[in-house]
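Two chains, each in its own frame: build the complex with the hints.
Protein chains in written order, with the numbering used here: chain A, 1 to 258; chain B, 259 to 532.
Simulated from the structure, these hints should not be mistaken for laboratory data. Idealized CB from N, CA, C, for every residue including glycine. Incorrect hints may appear among the rest.
Claimed, not checked - Chain A stretches covered by chain B per the calculated footprint, using a threshold of three residues with CB under 8 Å from any CB of chain B:
no.	region
1	69–83
2	94–104
3	204–210
To be verified - Away from chain A, derived, C-beta distances all over 10 Å, residues of chain B:
no.	residue
4	273
5	284
6	285
7	423
8	425
9	430
10	433
11	463
12	475
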Amino acid sequence: MIEINNVWKRFGDNVILENISATVKEGEFITLVGASGCGKSTFLKMLLGTDSASQGSILLDGKPIPSEPDAERGVVFQQYSVFPHLNVLENVVIAREFEKTKLGFLWGAAKKAAREEAAALLDVVGLAHMKNRYPDELSGGMRQRLAIAQALILKPRILLLDEPFGALDPGIRADMHELVLDLWRKHKLTVFMVTHDLKEGFHLGTRLWVFDKRRVDAQAPNAYGASITYDLPVGVCEQEILDEIDESLATKNQAEQV
Amino acid sequence: MKRLINFTPARIWRIGLALLPFAVIILIYISASDARLAENPQDKLLPSFTQMGDAIQRLAFEPSKRSGDYLFWQDTLSSLRRLGLGMVIAASLGMLFGLMTGALPVLNASFAPLLTVVSLVPPMALLPVLFIVFGLGEVSKVALIAIGVTPFIARDIQKRTLEIPREQLVKAQTLGANSGQIILRVLIPQLLPRLIDAVRLSLGSAWLFLIAAEAIASTDGLGYRVFLVRRYLSMDVILPYVAWITLLAFIIDYLLAQLSRFAFPWHAQQEGKS
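The following block holds chain B by itself, in its conformation from the complex (with noise of 0.2 Å):
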């Protein structure tokens, strides 16, 4: 019998292995569903999956009665097209900060200490202060998104810019590069994939900043429906909805991760190696 640390299992049972947990969990839900729905056919607190369905099927596939639209893709949409903005916003300065103040000492000494000051500001407290200046619209939502992950984004891409070797600096150096060269050609193409990667861990954020800042003041998105039909319990939609936003939120993360993969291929390589 090997030590349990380097008792590793065959493909086969590993897959066996990970659907386990999920199978155990709905099975779980489902008898437990089934109880409560046994002893009370209007329970609202377990839906079947049956119920959560037509639940979906309602939202999804027939046109709402009051405004004719589809209300979940509708719901989908919005929050996408706010989380994506608000990402690509983020991304983009925090990108601008962290490369500047990783690379130029001269902007490091005046803006590092205000980013990690800026980062240290809960956003969530700052959601009223963007109400109040950008109104209850797309923007204050956008700009929750974008304030809540720029600092974080900003101070990894930071350090990530510090942590690239000064040899290859001095080599860039000693090629004759001056110093936009140096950050077009070394810095540049070296923090693209460190970008993702930070987009990829900051999402989850996003995705809190969004629903929060959907759930105070919308009239459609994922988060703001979750919230509206909590007030009636009803389950078999925040369910569905809850899955599907876990959902959409892994395959923004499996894209990102293959991105990087098929675009940094040399990056795979450094993260295999150490």
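Just chain A, same shape as in the assembly (with noise of 0.2 Å):
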């Protein structure tokens, strides 16, 4: 479904990740994890739409991918994703408004319809008892599983997750990982999630991506930028190996802290 062709992305002189080439099926659950500042957002926000790629291309179906964000590609970042003016119940509805309506307002029968939508939707992922809160009063995790309810409404093809749950306690993340895993099986999604967690990227998904630099220059540490260093399906694979990433990748975290 998507094809991803040597692609570089350059700012300035600074290489950030360099040819870097993939094909992913539908239906697959990637997990990119990596250092800190190794690119592995920005590669996210190309398949999003608000980045673009400096040389090489990204192809979606066959066509490149749209500049732009779309209904296609659902997003949750690890925070500001839902709307602090809208309650939970609102914050889901308002995709459907949306799509639905030139200016964005729903009315009478087509409103109800879309709340009962809504409310379903919120009842999977453990909200219903929230619904007519705002975002501000509930807790990081519910608000994140109200970012997760809002980005499937629309049935997206693509859920694109940067750091999710990075800001959350380790007994929600599992939780949470729960319900995202639940959802990609239920809902067919190709799942793309960015995570600084390894032990998130080792037991979530189909397949995880090791962002890292293959080649390092010591007096230009810009010089060349990140690639997948290890692709590797998630849950066939040899503890061995997932100690190795481990070691590597904080070795790489402890010389840029120092």
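Structure representation (structure tokens):
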């Protein structure tokens, strides 16, 4: 479904991503891990359409991926994903209102139908009891559940998650993993999830991409960019490989901090 | 003994402490006024509260001998009408310019620098221009308030628009929204409480413009009256008028704050958090 051909990303002299190529089939759940600042979020932005490749191409069904966000590709950010001025239910209903009317306001029976649909979806993500609250009254985990419900109501083919659970407690994070896996299976989504938590990558989804630099020039640390150094099927690979990745990323992180 | 920065007075004490400075000021005034009046009953500088009451009684509850109007209410009405009209125009234009330059990069590129320059023009210096162009009637006074306040509101709203997290705009697009829908459903609702904040902040300068315009050319209005009676050293009128203007400003500010709280409950929560 998605074809990534020799994609490069540069900001001036800084190479962020170098020569990334991959093919993704419909229904895959890909977890992107890597050191912070390695370009995995930039890569996700290219898939989303808010950023573009300096060189190379990303094809969706054989056509260049649209350079603007659209309803085919849902997204959940780490924060600010929901609208603070709408209550929980309205936050989900608004997607249908955007879709169905010119100005973005539904009335009467159409509005009622959209509200019922949204309420059903909120039930699935476990927010049924919070329908009339505003996002600022919710906990971080609830807000992310809301963001997921909002992203799913229009049934996008692709769901992009940019460190969606980075700010959550470990316990809540586990619940959220369950939820995402569940929804992914049910809605037959293609999911890309960026995370800096390797463990999350090890047991979520079907495929793990590790972003890292293949070449490092100590004199010019930005001369080379990151590419996909490991492309592994999740659940099939050996524990040793995971430890190895863990090791290599950990040393890189330490080196950065020094 | 707690550190001073950690010492918070109990509620009852807080009310008392809040009233204390007012009481002190009033007491100082009364004693000073009494002292001067004891020496010279004709003294006009520090009138007693009875004298001020008489003056207001005359202006507010007895028809004027010349025109038959109740001057106090007439003045209040005229001034509030000018202020209200000016602020409504300023708020609408400010919202429009601020929103458009904040939301659309194309308009930002062409109008944001202009807005910055225009907001630096001292509005009071434009007053003669307004008098020449619009004459000495109502229009020039309303125009002064509108011209003085619009750039402030526009710049504030522009800044607030740019402060709305980019993520929300991207999210709306992934929900299929077009530019118009994003402006109507995402930006404007979030900017309305901020517009009220901007109006509250700019009301001080709006009063300033109003009183200045009325002082220079007018036949009624609160500003007109205080500048008129200055010729007779009528402190017994000026002081109550100033107090009345302050009270009006306070009431307007309070009403706007309440409106914001009831119409945009989510905004108050956000404010509380940050």
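Hints and how they fare:
1. Coverage of the region 69–83 of chain A by chain B holds in this model, with 12 residues showing a Cβ closer than 8 Å to a Cβ of that chain against a need of three.
2. For the region 94–104 of chain A, the stated coverage by chain B is satisfied: 8 residues place a CB nearer than 8 Å to a CB of that chain, which reaches the threshold of 3.
3. Using a Cβ-Cβ cut-off of 8 Å, 0 residues of the region 204–210 of chain A lie near chain B, which falls short of the minimum of three, so the contact claim is violated.
4. With 10 Å as the threshold on Cβ separation, the claim that residue 273 of chain B sits away from chain A holds: the shortest Cβ distance comes to roughly 30 Å.
5. Distance check on residue 284 of chain B: its Cβ is at least 42 Å (rounded) from any Cβ of chain A, clearing the 10 Å threshold; non-interface status holds.
6. Every beta carbon of chain A lies more than 10 Å from that of residue 285 of chain B, the smallest distance being close to 46 Å; the non-interface claim holds.
7. For residue 423 of chain B, the non-interface assignment is contradicted: its Cβ lies about 4 Å from the closest Cβ of chain A, within the 10 Å cut-off.
8. Consistency note on residue 425 of chain B: stated as away from chain A, yet its beta-carbon is not over 10 Å from all of that chain's, at 4 Å minimum.
9. The non-interface label for residue 430 of chain B is inconsistent with chain A: the shortest C-beta to C-beta separation is roughly 7 Å, within 10 Å.
10. Chain A draws residue 433 of chain B into its interface by the beta-carbon criterion, the shortest separation being 4 Å against a cut-off of 10 Å.
11. No beta-carbon of chain A comes within 10 Å of the beta-carbon of residue 463 of chain B; the shortest separation is about 28 Å.
12. Even its closest Cβ contact with chain A, about 44 Å, leaves residue 475 of chain B beyond 10 Å, as expected for a residue assigned away from the interface.
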